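**Student:** Please build the complete structure, drawing on both the sequences and the hints.
Chains as they are written, first to last, in our numbering: chain H, 92 to 456; chain L, 92 to 456.
Bear in mind the hints are in silico, worked out from the structure with no lab data behind them.
Incorrect hints may have been included.
Claimed, not checked - Stretch-level coverage of chain H by chain L, calculated; a stretch enters the list once three of its residues show a Cβ under 8 Å from a Cβ in chain L:
#, region
1, 113-121
2, 242-252
3, 256-262
4, 276-287
5, 323-334
6, 360-374
7, 416-423
Said to hold, decoys possible - Cβ pair distances, simulated, as ranges:
#, chain 1, residue 1, chain 2, residue 2, range
8, H, Gly387, L, Glu427, 52 to 58 Å
9, L, Ala426, H, Arg416, 56 to 62 Å
10, H, Arg416, L, Tyr415, 20 to 26 Å
11, H, Lys122, L, Thr235, 50 to 56 Å
12, L, Asp431, H, Ile330, 24 to 30 Å
13, H, Pro339, L, Thr162, 54 to 60 Å
14, L, Arg264, H, Gly438, 35 to 41 Å
Said to hold, decoys possible - In the DSS-like style, the derived pairs of lysine-lysine whose C-alpha atoms are separated by at most 27 Å in a straight line are:
#, chain 1, residue 1, chain 2, residue 2
15, L, Lys342, L, Lys358
16, H, Lys358, L, Lys229
17, H, Lys282, H, Lys122
18, L, Lys333, H, Lys333
19, H, Lys333, L, Lys282
20, L, Lys122, H, Lys282
21, L, Lys155, H, Lys282
22, H, Lys282, L, Lys445
23, H, Lys155, H, Lys229
Every value quoted in this text rests on a predicted model; they were computed, and no experiment measured them.
Think of the CB as a built atom: it goes at the ideal place given N, C-alpha and C, for glycine as much as any other residue.
Number of protein chains: 2
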Amino acid sequence: MTRKKITPHQDRLIALLEITRQLTAETELDKLLGLIVSRTTQLLDADRTTLYLLDQEAGELRSKIAEGSMTIRLPVGQGLAGYVAQTGQTINISDVQHDPRHASYFEQLTGYLVTTMLTTPMRDRAGNIIGVIQVLNKRVGAFTAEDEELLTALASSAAIALENARLHTQVQRMLDSLIATLAVMIDARDKEMAGHSQRLTDYAVAIARRLGLSPDRIELIRVAGLLHDVGKIGVPEAILTKTSELAPEEKLVIRDHARLTREILSKVHFSDNLREVPNVAAHHHERLDGSGYPDGLRGEEIPLESRILAVVDVFDALTSHRYYREPVSDQEALAELERDAGVLFDGEVIRVLKELIAEGEIQHD
Amino acid sequence: MTRKKITPHQDRLIALLEITRQLTAETELDKLLGLIVSRTTQLLDADRTTLYLLDQEAGELRSKIAEGSMTIRLPVGQGLAGYVAQTGQTINISDVQHDPRHASYFEQLTGYLVTTMLTTPMRDRAGNIIGVIQVLNKRVGAFTAEDEELLTALASSAAIALENARLHTQVQRMLDSLIATLAVMIDARDKEMAGHSQRLTDYAVAIARRLGLSPDRIELIRVAGLLHDVGKIGVPEAILTKTSELAPEEKLVIRDHARLTREILSKVHFSDNLREVPNVAAHHHERLDGSGYPDGLRGEEIPLESRILAVVDVFDALTSHRYYREPVSDQEALAELERDAGVLFDGEVIRVLKELIAEGEIQHD
Numbered sequence: 092m093t094r095k096k097i098t099p100h101q102d103r104l105i106a107l108l109e110i111t112r113q114l115t116a117e118t119e120l121d122k123l124l125g126l127i128v129s130r131t132t133q134l135l136d137a138d139r140t141t142l143y144l145l146d147q148e149a150g151e152l153r154s155k156i157a158e159g160s161m162t163i164r165l166p167v168g169q170g171l172a173g174y175v176a177q178t179g180q181t182i183n184i185s186d187v188q189h190d191p192r193h194a195s196y197f198e199q200l201t202g203y204l205v206t207t208m209l210t211t212p213m214r215d216r217a218g219n220i221i222g223v224i225q226v227l228n229k230r231v232g233a234f235t236a237e238d239e240e241l242l243t244a245l246a247s248s249a250a251i252a253l254e255n256a257r258l259h260t261q262v263q264r265m266l267d268s269l270i271a272t273l274a275v276m277i278d279a280r281d282k283e284m285a286g287h288s289q290r291l292t293d294y295a296v297a298i299a300r301r302l303g304l305s306p307d308r309i310e311l312i313r314v315a316g317l318l319h320d321v322g323k324i325g326v327p328e329a330i331l332t333k334t335s336e337l338a339p340e341e342k343l344v345i346r347d348h349a350r351l352t353r354e355i356l357s358k359v360h361f362s363d364n365l366r367e368v369p370n371v372a373a374h375h376h377e378r379l380d381g382s383g384y385p386d387g388l389r390g391e392e393i394p395l396e397s398r399i400l401a402v403v404d405v406f407d408a409l410t411s412h413r414y415y416r417e418p419v420s421d422q423e424a425l426a427e428l429e430r431d432a433g434v435l436f437d438g439e440v441i442r443v444l445k446e447l448i449a450e451g452e453i454q455h456d
Numbered sequence: 092m093t094r095k096k097i098t099p100h101q102d103r104l105i106a107l108l109e110i111t112r113q114l115t116a117e118t119e120l121d122k123l124l125g126l127i128v129s130r131t132t133q134l135l136d137a138d139r140t141t142l143y144l145l146d147q148e149a150g151e152l153r154s155k156i157a158e159g160s161m162t163i164r165l166p167v168g169q170g171l172a173g174y175v176a177q178t179g180q181t182i183n184i185s186d187v188q189h190d191p192r193h194a195s196y197f198e199q200l201t202g203y204l205v206t207t208m209l210t211t212p213m214r215d216r217a218g219n220i221i222g223v224i225q226v227l228n229k230r231v232g233a234f235t236a237e238d239e240e241l242l243t244a245l246a247s248s249a250a251i252a253l254e255n256a257r258l259h260t261q262v263q264r265m266l267d268s269l270i271a272t273l274a275v276m277i278d279a280r281d282k283e284m285a286g287h288s289q290r291l292t293d294y295a296v297a298i299a300r301r302l303g304l305s306p307d308r309i310e311l312i313r314v315a316g317l318l319h320d321v322g323k324i325g326v327p328e329a330i331l332t333k334t335s336e337l338a339p340e341e342k343l344v345i346r347d348h349a350r351l352t353r354e355i356l357s358k359v360h361f362s363d364n365l366r367e368v369p370n371v372a373a374h375h376h377e378r379l380d381g382s383g384y385p386d387g388l389r390g391e392e393i394p395l396e397s398r399i400l401a402v403v404d405v406f407d408a409l410t411s412h413r414y415y416r417e418p419v420s421d422q423e424a425l426a427e428l429e430r431d432a433g434v435l436f437d438g439e440v441i442r443v444l445k446e447l448i449a450e451g452e453i454q455h456d
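**Tutor:** Written out as structure tokens, the structure reads:
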């Protein structure tokens with residue numbers, strides 16, 4: 092970092108600092124695990140690293156990433172990693188083959204011979220052991236005291252990064268499952284609509300992918316698709332499930348669900364990439380010629396995301412059973428949409444839908 | 092870190108590493124901002140640090156934490172911090188008073204005189220400038236080239252920590268608002284129930300706090316309270332809003348909502364601290380003597396969280412308007428609950444409710 096008097100130790104500290112930054116920048120759990128392993132091997136100038144995570148309930152270590160090896164399960168207390176998980180000590184062994192705590196079982200299976208080994212625990216903020224990092228076979232000589240200190244520091248940074256990534260993953264999963272559950276709840280009010288929001292979303296995402304939209308826009312379509320009908324909560328069941336022809340005022344109440352979708356969703360603090368969800372969801376009943384609702388938008392005034400939802404919403408409606416008619420086949424539904432291509436519906440979206448149906452990628456069952 | 096040959100520079104690198112770890116361990120935005128400022132001042136041996144965050148849309152820097160100072164707003168391009176935000180350069184000035192880019196305006200306001208100043212941009216993962224760190228008045232002499240390098244490295248770690256904390260805050264806000272919106276949607280099906288879930292939750296959280304429950308348990312009660320009636324989605328509106336006496340089979344359908352709440356919520360992947368939400372929410376109609384539903388639990392078999400929800404659910408029902416009767420006063424509702432204390436409802440919870448009503452902390456309006 093300074094230009095003068097750079098010692099090898101300083102070099103390694105700077106490398107450790109850079110690694111720490113890389114680890115904390117990675118919020119995806121799987122990638123993070125891989126990064127911890129590869130950077131440890133590199134910093135310690137070793138041949139391999141195995142990362143074990145502790146399964147508290149099972150009292151077991153599981154190797155999440157073992158370079159060049161299978162998954163290892165190790166009860167706490169067994170083997171060198173198990174010993175470290177139990178005692179919380181860092182151990183540095185220069186002659187593994189003669190250490191009584193060594194579990195040679197895996198070597199016999201893999202044929203990979205370990206001579207030197209440095210093993211240290213990872214602890215969370217509260218000080219609990221959450222895993223073990225095990226570095227194998229220093230390239231030259233044995234692991235030094237400096238190696239021990241560097242690995243301890245690295246394990247500490249890795250543990251924080253792991254906790255952050257886990258927290259992030261948990262909250263994200265909670266959010267995703269809550270949205271999916273909400274979609275199921277909305278459809279559940281009307282048995283004819285069961286599964287509608289999820290199917291519409293699957294179709295829409297397939298089309299968005301084929302159109303080459305960015306991951307952020309695909310995610311926007313996914314969330315807007317799942318939530319496009321939340322406004323139906325404001326439509327009385329008596330109207331929602333009516334089997335005879337609807338009166339004009341009842342039709343107005345039904346139409347109002349799109350506006351209500353926007354009103355309800357605008358109360359959710361969507362993250363930046365999802366900021367347009369209320370808007371995209373609200374416009375799933377707009378039509379190119381301006382005959383749709385709630386805003387009577389025309390052509391490209393309608394977001395592409397909403398134009399996709401409009402097509403798949405009708406496709407799913409036609410191919411599903413409804414109170415007033417039997418479902419039609421995918422081909423018949425497509426033909427019906429094609430008659431209105433460019434007038435009511437986006438022609439390009441319909442073309443891609445046709446492609447995906449022909450390939451069997453989209454199929455109503 | 093090593094025991095031999097520790098140079099002052101190594102000491103500072105080790106300090107920087109420790110600071111980096113502290114920053115990445117802090118996921119709360121406000122605390123993180125404070126931590127960045129205090130640790131920067133310390134590492135750079137300076138008198139003060141100001142942290143500016145860039146408001147992209149306004150084209151403006153805003154001092155989030157300026158030790159010993161008011162909030163400063165600075166258009167990008169103006170002043171030294173504005174210059175750094177515009178150019179992305181780190182600048183190190185040993186004679187601030189004679190630098191033409193310096194905005195002396197603030198000094199005149201605050202009376203704090205700056206002589207030496209080191210200013211560096213913070214960049215996100217994508218390389219965009221998200222803010223500026225400005226360190227003021229090195230305690231001895233001017234800021235060195237080593238100081239510049241340390242601050243650059245610190246700013247880089249700080250930026251990652253900031254991005255992580257923001258991401259976490261955003262997702263958490265989205266989750267919270269989605270849960271609150273869901274609660275409003277559930278109550279909206281029956282106009283007599285408007286606001287019920289939110290009121291019940293407010294009362295329950297107040298009682299939980301007074302009982303001294305841990306933050307995790309209070310959060311569990313909060314989320315379970317907001318979602319306790321999701322199962323009502325399965326009760327037809329015709330039954331939900333019926334003004335005349337319910338038939339026995341209609342009563343069974345209504346009772347089923349508690350079981351349905353559990354069924355629906357068990358599909359949500361709650362994070363570890365909220366794992367009991369489906370259970371706690373489902374048991375809000377259990378009674379101490381086993382006469383409740385869905386499981387007919389008795390006494391302490393009913394989680395304390397659910398016993399709290401049971402009391403405030405009835406309290407809110409009694410003090411709100413219902414189709415079949417007028418609301419009663421808080422005191423009347425309390426008296427009614429007290430008659431069943433220890434038989435149907437938790438006596439301690441009712442005692443705390445009484446206390447909070449007496450203090451005006453809980454009040455139905």
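**Student:** It remains to establish, for every hint, whether it holds in the given structure.
**Tutor:** Structure-based check of each hint:
By the rule of at least three residues with a Cβ nearer than 8 Å to a Cβ of chain L, the coverage given for the region 113-121 of chain H holds, with 3 such residues. Note: the region 242-252 of chain H has 5 residues with beta-carbon separation from chain L under 8 Å; the three-residue rule is met and the coverage holds. With a threshold of 8 Å between beta carbons, the proposed coverage of the region 256-262 of chain H by chain L holds, since 4 of its residues qualify and at least three are required. Residues of the region 276-287 of chain H with a Cβ under 8 Å from some Cβ of chain L number 3, which satisfies the need for three, so the listed coverage holds.
Look at the region 323-334 of chain H against chain L: 5 of its residues bring a Cβ nearer than 8 Å to a Cβ of that chain, three or more, so the hint holds. Counting residues of the region 360-374 of chain H whose beta carbon lies closer than 8 Å to any beta carbon of chain L gives 5, which reaches the threshold of three, so the coverage claim holds. Evaluation of the coverage hint for the region 416-423 of chain H: breached, as 0 residues show C-beta separations to chain L shorter than 8 Å, against a requirement of three. Here the CB-CB span from glycine 387 of chain H to glutamate 427 of chain L is close to 53 Å, well matched to the stated 52 to 58 Å.
Between alanine 426 of chain L and arginine 416 of chain H the C-beta distance comes to about 58 Å, which sits within the given range of 56 to 62 Å. At roughly 41 Å, the beta carbons of arginine 416 of chain H and tyrosine 415 of chain L sit outside the given window of 20 to 26 Å. Distance hint check for lysine 122 of chain H and threonine 235 of chain L: the Cβ-Cβ separation is about 37 Å, which falls outside the suggested range of 50 to 56 Å. In this structure the hint that aspartate 431 of chain L and isoleucine 330 of chain H lie 24 to 30 Å apart at CB is violated, the actual value being about 40 Å.
With their beta carbons about 56 Å apart, proline 339 of chain H and threonine 162 of chain L fall inside the hinted range of 54 to 60 Å. Range check, arginine 264 of chain L to glycine 438 of chain H: about 39 Å between beta-carbon atoms, so the 35 to 41 Å window is met. Simply put, lysine 342 of chain L and lysine 358 of chain L have alpha-carbon atoms about 26 Å apart, close enough for the 27 Å limit, and the pair holds. At roughly 48 Å between alpha-carbon atoms, lysine 358 of chain H and lysine 229 of chain L are farther apart than 27 Å, so this suggested pair is violated.
Under the criterion of a C-alpha separation no larger than 27 Å, the hint pairing lysine 282 of chain H with lysine 122 of chain H is inconsistent with the structure, at around 42 Å. About 19 Å separates the Cα atoms of lysine 333 of chain L and lysine 333 of chain H, which keeps this hinted pair within 27 Å; it holds. Distance restraint check for lysine 333 of chain H and lysine 282 of chain L: the Cα-Cα separation of roughly 22 Å lies within the 27 Å cut-off, and the hinted pair is therefore satisfied. Proposed proximity of lysine 122 of chain L and lysine 282 of chain H is contradicted: the alpha carbons are some 49 Å apart, above 27 Å.
Proposed proximity of lysine 155 of chain L and lysine 282 of chain H is contradicted: the alpha carbons are some 52 Å apart, above 27 Å. For the hint linking lysine 282 of chain H to lysine 445 of chain L, the alpha-carbon distance of about 45 Å lies beyond 27 Å, and the restraint is violated. For the proposed pair lysine 155 of chain H and lysine 229 of chain H, the alpha carbon gap of about 21 Å is at most 27 Å, so the pair holds.
Violation of the numbered hints given earlier is confined to hints 7, 10, 11, 12, 16, 17, 20, 21 and 22; the remaining hints are satisfied by the structure.
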